[in-house]
Amino acid sequence: MANLSSLMDSEVLRAYATYATIVLLKMMLMSVATAYFRITKKVFANPEDARAAAKGGDARKLLKTDEDVERVRRCHLNDIENVVPFVAIGLIYTLTNPDLASALLHFRIFTGSRLLHTVAYLLPLPQPSRGLMWIIGYFATISMAVSILRGVLYL
Amino acid sequence: MANLSSLMDSEVLRAYATYATIVLLKMMLMSVATAYFRITKKVFANPEDARAAAKGGDARKLLKTDEDVERVRRCHLNDIENVVPFVAIGLIYTLTNPDLASALLHFRIFTGSRLLHTVAYLLPLPQPSRGLMWIIGYFATISMAVSILRGVLYL
Amino acid sequence: MANLSSLMDSEVLRAYATYATIVLLKMMLMSVATAYFRITKKVFANPEDARAAAKGGDARKLLKTDEDVERVRRCHLNDIENVVPFVAIGLIYTLTNPDLASALLHFRIFTGSRLLHTVAYLLPLPQPSRGLMWIIGYFATISMAVSILRGVLYL
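Just so you know, the protein sequences line up as chains A, B and C, in that order. Adding 224 to a residue's 1-based position in the first sequence gives its number in our numbering. Adding 224 to a residue's 1-based position in the second sequence gives its number in our numbering. Adding 224 to a residue's 1-based position in the third sequence gives its number in our numbering.
These aren't lab readings, by the way, just hints derived from the structure by calculation. Among these hints, one or two may not hold up.
Identical copies carry no separate label here, and so any pair may be met within one copy or between two of them.
Stated by the list, open to error - Dumping the calculated DSSO-like pairs for lysine-lysine here, alpha-carbon to alpha-carbon at most 27 Å:
no., residue 1, residue 2
1, K288, K266
2, K266, K279
3, K250, K285
4, K250, K265
5, K288, K265
Chain A on its own, in the form it takes in the complex:
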């Protein structure tokens, strides 16, 4: 049996596990938000969904787009574009065994900026609040990527 059991003794890996899980859960919440707006506003993309919601009424009228639904979907796609690279680069960075304080700084800045990004997107707050939150999270990920390439480059 391999010694997976000792891996989580690493504080950096535990910190990574915690923050990566939090931002992934936040990203997953966007699916629920989309479903919520689709159902409450009766706005669907699939005919079979519209039929289930129309309950005998005219289902085709429910096949439309809605600004609230589209906003949540844009927020969700932005999460995919930013959270997924963070999770992947963050794991590789963790495997390079970085200093705990540096790692925590990167993970906390990214997680905080993404939570605020979602608030700024969904309320919405006037720009440049959302843009700023995006850039902060973006550079936290870039900084870990640079650290990886400086430490373990093998082409």
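The hints should help you fit chains B and C onto chain A, whose structure is shown.
Below, chains B and C without anything else, positioned relative to chain A:
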């Protein structure tokens, strides 16, 4: 040389590797399905693709959307929104060295529900079949995330 | 403390870390390209972005789609559909402790084909250049997935 060689002695890691690879391959199949429908139905998003398919005919007519293509694309995006969190959270969960039986249960429920979700989306089956398959997979991932946060929380 | 410190002694893991980071950074560049085209061409999806760019002018006119922006977005989505499976399957493949030469071959072919895919998408080059680059990267990932399933299958 590091002891990567012994990692796959862990049955949980081997199970993770198997199920994660299966759902990722299934997700990748959606690209082929999109390409298949685009080519057979002659429906393209890029002018250079339309020109290649028009073979001297009017390429602009092929720049349109088609319900079959859009359905596969929605199914693909739904996979990205659900399979990617499963793969990431599933790996972190695996690294917390869970009980083999619990891990297999999570991996099998997620994988089974996603395969059925694709069937329900592409046929399509009437709702709530697709919605139910989505929720089952969603909660399998949430359950692993809760297990991670209870086990290794480090903020 | 766990022995994360010795993991990066593995040359395969260092190669994976390098190539995965490169393709993830390339994928992240697509966000900057989208923002660049949105700002220089004044084409926005969110009313608050349009208001910030309109500077007192008619913000609603800036809420439109633009072919250059849509092309970058399609390229970005294609990256997500292909780079994310590579990063996930590539990591699992790395954990199966493959031969260094085979691993480097897979990583280099995928990375090279995706860089050329982006060039072919953004210029754009006539088909089938982009399609060919997509297929090469696709089969590099499939080949690693097959290697995983042959090596560690545990259902």
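Right, here's what the structure says about each hint:
1. K288 <-> K266: Close inside one copy (9 Å) and across copies (25 Å); limit 27 Å.
2. K266 <-> K279: within (12 Å within a copy, 35 Å between copies)
3. K250 <-> K285: For K250 and K285, the Cα distance exceeds 27 Å both inside one copy (32 Å) and across copies (33 Å).
4. K250 <-> K265: within (22 Å within a copy, 32 Å between copies)
5. K288 <-> K265: both (11 Å within a copy, 24 Å between copies)
Of the numbered hints given earlier, the model fails hint 3 alone.
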